[in-house]
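**Student:** One letter stands for each residue in the lines below.
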Amino acid sequence: MTRPLPSTVVSDLAEIVGHEHVITDPERLLVYESDGLTAYRRPPRAVVLPSSTEEISAVVELLHSNGIEVIPRGAGTGLSGGALTTPEGVIVGTARMNRILKIDVENRLAIAQPGVINARLTEATNPYGLYYAPDPSSQSTCTLGGNVAENSGGPHCLKYGVTARYVTGLTVVLAGGRIVQLGGVGRDPYSTLDLVGLFVGSEGCFGIATEIEIRLLPITEGVRTLLGIFESVESAGRAVTKIMASGLMPAAVEIVDGPTIEAVEASVFAAGYPLEAGAALVIEFDGTEAGLDLDADRAEKCCLEEGAIEVQRATDPEHRVKLWRARKKAFGAMGRIAPDLLVQDATVPRTKLPEVLAGIDDIGNRYGLKIANVFHAGDGNLHPNILFDRQNQNELELVELASKEIMQLCVDAGGTITGEHGVGVDKREYMTLVHGPAELEAMAAAKRVFDPASLFNPGKVLPDVEGEGTTKSEKILAMGE
Amino acid sequence: MKGTPAYEALGQALDAQRERLLPCVHCGFCLPACPTYNRLGNEADSPRGRLHLIQAVVEGRLEPSSEAFRTHIDRCLGCRACEPVCPSGVEYGTLLELARETATQAVPPGLPTRFLLKVLGTPVLRIPFFFIGRLLRGTGFAALGATVLPSYGPFRAVRLGLAMLASTRRWQLMDSKESMAGIADSGSLDISQKSRVAVLLGCVQEGLFRRINSATARVLEANGYEVVTVGGQDCCGALHAHGGDLESARTLARSNIRVFEASGADLIAVNAAGCGATMKDYGILLEEDPDFAQRAKEVASSVRDVTEILDSSGLRTGASVPCKIAYDHPCHLLHAQGVERAPITVLKAVPDAEVHVVAGAEECCGGAGIYGITHPKLGGLIGGDKVSAVRACSADAVATPNPGCMMQIGAGLRLEASNEGVIHPVELLDESYRRAGFYRAGGVE
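Chains as they are written, first to last, in the numbering used here: chain A, 708 to 1188; chain B, 1298 to 1742.
Quick caveat, the hints were computed from the structure, so don't treat them as lab data. Take these hints with a grain of salt, some might be off.
What the hints assert, rightly or not - With the C-beta cut set under 7 Å, the calculated list includes, among others, these residues of chain B facing chain A: (1) L1319; (2) G1338; (3) T1548.
Claimed, not checked - Calculated Cβ distances over 10 Å to all of chain B for the following chain A residues: (4) L881; (5) A1003; (6) H1026; (7) K1029; (8) L1048.
By construction, the Cβ of each residue, glycine as well, lies at the ideal position given by its N, Cα and C atoms.
Assemble the whole structure, with the sequences as input and the hints as a guide.
**Tutor:** Written as structure tokens, this is what we have:
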């Protein structure tokens, strides 16, 4: 059972943020026991919801001076358990820090609080002809603070790159509550030690970003969206390899497989993906109008050569939005075909896509588990969704084993254990598959520089060292208890 | 926990709903759609959080009588804005009603809620209740009270209640002395093609907005529909269902099903979004009732919002009514019924009516029954944002096809001494038809 916070700490927290923004009763804390990865459950000792950099600083100072671990949380949509608390942790949520502080049109910059929703930044800057490029599929709900912590990607990161390319400055609360500025306007983040680059993707283990300076892009002149229909996910994978090898530079190349099509076409986000297809490929080109049709023609040819049944093109902006919405809401729609799912995240060289996909299919068959694939094919970033029912304890073990085999398969193919969801708590045990002891020690050393007492999001990213307890004990199989 | 009577009650009710609850994969796409989460930032006040609490009760990890469960289930507006954004199609509205039933069985709701539900569901109480309401409105007492009463302490709720009542009067522009009795001219419409339509009269609608029921019948007839009178109707049960009093809601539903079945109407026109949403869900409400399950489904399938019917086959154009109208979506029309375009089409069918959709029209106005009285602070915050958005339109009137929203927005405008009128879209169409001479003069409305 979770140990309650000392009452003096609770009253001091209430003093800082207001008592209605400190949650301590065990019943309400249940709501914070999971993020987007519900295989893990553990309620925190408390949740604090500050509204400013100063409040976060004061909260962190108070908690750290009492030796209490701080677990940052945005919208709780992460898929690697990054916002899962430790047994002794207190969650500091950024939900109330949801203001865009500045839009600097001339310099194409924005400064936002961490609780701003990713898509809201694009909505707010669209009237100025600008947008924010990284577009995780959860962009309608995930927050910029979480994006910074996870260095999030998204379909269009194939051409535009991930979050790190767009964060130019940060205000950060460090261990003990110290506030520091990293990078920022007028300071080239790359002219000195790139601390912004170090912080982005640190999964909440270094501190909490409280103000984020972001580079915006001008909206492109033209866009072409294609939907390729294939009999199998392997032939769609071969088409991806062909497109990328042909020298084309698509903005996005996404694969949606048969089971995923079934889920999403049953949802309110149905976009007319043919139900009998083994896989669909969403390909997009953007840029200046001239040349876009030529690129689209070439991509279409690649698809047909690899056996596409047909290749459709988005007829108007609404059709394009529909095609994308179906792709981006696919994860949420899985609930239509199974009660539970574990979405995996791994990256393999593009050329290995067909064989890895066949291998995943084989793993699913051997364990008797349905696996739905929906992923960023262009950069080889796989997302196998393993479907199961938590009521069946036995099935959960199979999911665990299948996950591990999938990871091993990807690593053996020359890939790595995550593409964009982060390591969090879920992938810690796989870190040794790709990193040696020296690299892991370098990461641990970096963590010690920022957070010497290990009070920021401990138990994430880095695997346990021997004697510290096993990873397995971290996994809370609260299901079916 | 497990084994207690309260758990067993919810256990049975919600276990039966496993199929509805399981699709939630905790993706969190519903969070930004939720008015309470957006303002409070507490995930227990988000749809995902509430579903998690419901799930915890089903799993026996949380007591349904617990303060946390009751508070957060109660604090939901029931706007269902989370449903259209849910990729897995979780039927949140249905689950909320079941959760409310369990929560209110554990601890009954406050006196104002119990009083209102009792009165609305009982004709002999309802008639004098609304008579007094009309008296307070007609004598100007309601308007006076809303102006002079202070906005603190126990006066606050009374002041808001009176402002809501005062806001139900007819908009000045349409304050026509001329009464209308029937259709003089049905134009060149091919009447033989149109359906027989019954109009749900409703409780609040018939008590305070009878003019909207009359306008509904007239504009339907003017467009060639045969309007059949259906006696013996009762309150639709929407407010009871939303409040968790599902047994009363079912009783009311059964009685309405009987009379509408007997009416022989092809369609049931509803001019209150909340009632329409509930009647369209009669099939779910009575799915466990062997005698009524099928009948409920059939009646539900004939329910339409009046604007849906009008929009379905080219509207007649009446005379010019120059005015600027701000349109706001009722949640139970947009989110619960998926009707977005029809009411706007109806307004735009009126020549010289300039229609603006209120910024943030898809977000709840905070009406949600008597939310402003039961949750003064949060309700005030949500209502205040809506009133500001409406005022920013600088319109002559705000149109919204649901009595609760009309009263909530109307009261908010009145308390800010803002002069916009409040109308149902069919009222404007009706006025346009009257000016065009589609109706016979004489008779009593």
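**Student:** Work down the list of hints and note, for each, if the structure agrees.
**Tutor:** Hints versus structure:
1. L1319: Because about 4 Å separates B:L1319 from the closest Cβ in chain A, which is inside the 7 Å limit, the hint holds.
2. G1338: Holds - the Cβ of B:G1338 comes within 7 Å of chain A, reaching about 4 Å at its closest.
3. T1548: violated, 32 Å
4. L881: Fine: 23 Å to the nearest Cβ keeps A:L881 off the interface.
5. A1003: holds, 28 Å
6. H1026: For A:H1026, whose nearest Cβ neighbour in chain B is about 19 Å away, the distance exceeds 10 Å, so it holds.
7. K1029: Non-interface label on A:K1029 holds, nearest chain B Cβ at 14 Å vs cutoff 10 Å.
8. L1048: Violated, since 6 Å does not exceed 10 Å.
In summary, the numbered hints that this structure violates are 3 and 8.
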